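Engineer: All residue numbers in the sequence shown are consecutive under my numbering, ending with 91.
None of these hints come from the bench; they were simulated from the model.
Be careful, since some hints might not be right.
Below, simulated EDC-like cross-link-like pairs (lysine to aspartate or glutamate); rule was C-alpha separation at most 16 Å, straight line [stated by the list, open to error]:
#1 25 <-> 43
#2 53 <-> 42
#3 25 <-> 40
#4 25 <-> 56
If you're wondering where the values come from, they're calculated on a predicted model, not measured in any experiment.
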Amino acid sequence: MQSQGFAQRTDRIGDLAVKVSSYALGTQFSAQVENEDGGLIGRGIGKTREAAEAAALSNAQTRLSLASAAESFRRSMAALDRGPK
7 MQSQGFAQRT DRIGDLAVKV SSYALGTQFS AQVENEDGGL IGRGIGKTRE AAEAAALSNA
67 QTRLSLASAA ESFRRSMAAL DRGPK
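Please take these sequences and the hints and turn them into a complete structure.
Structural biologist: In structure tokens:
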């Protein structure tokens, strides 16, 4: 099965600029979201290009939120390890 109808655009998730790429694959569409450095953040599939891109952006937002929460948790644990001021 060959991909067809490749499209690419830029978007933002919060303050982060991202690249959204999508293409038709058979009867469905596949999409992915990458950061400015080309690192994959999220993927999605759907019956339409818009649905696939929305799923990929939602997945990327979730991953970025989890990364932010994990970093906050690490900072909190580091502060606890240092003890009271």
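Engineer: Does residue 25 pair with residue 40 here, judged by a C-alpha cut-off of 16 Å?
Structural biologist: Distance of about 5 Å is within 16 Å: holds.
Engineer: When you check the alpha-carbon spacing of residue 53 and residue 42, does it fall within 16 Å?
Structural biologist: Distance ~27 Å between residue 53 and residue 42 Cα, so the pair is violated.
Engineer: Verify the proposed pairing of residue 25 with residue 43, using a straight-line Cα cut of 16 Å.
Structural biologist: The hint holds at about 10 Å.
Engineer: Between residue 25 and residue 56, does the CA-CA distance stay at or below 16 Å?
Structural biologist: Roughly 15 Å separates the two Cα atoms, so the pair holds.
Comparing the model with each earlier hint shows a violation of hint 2 alone; every other hint is respected.
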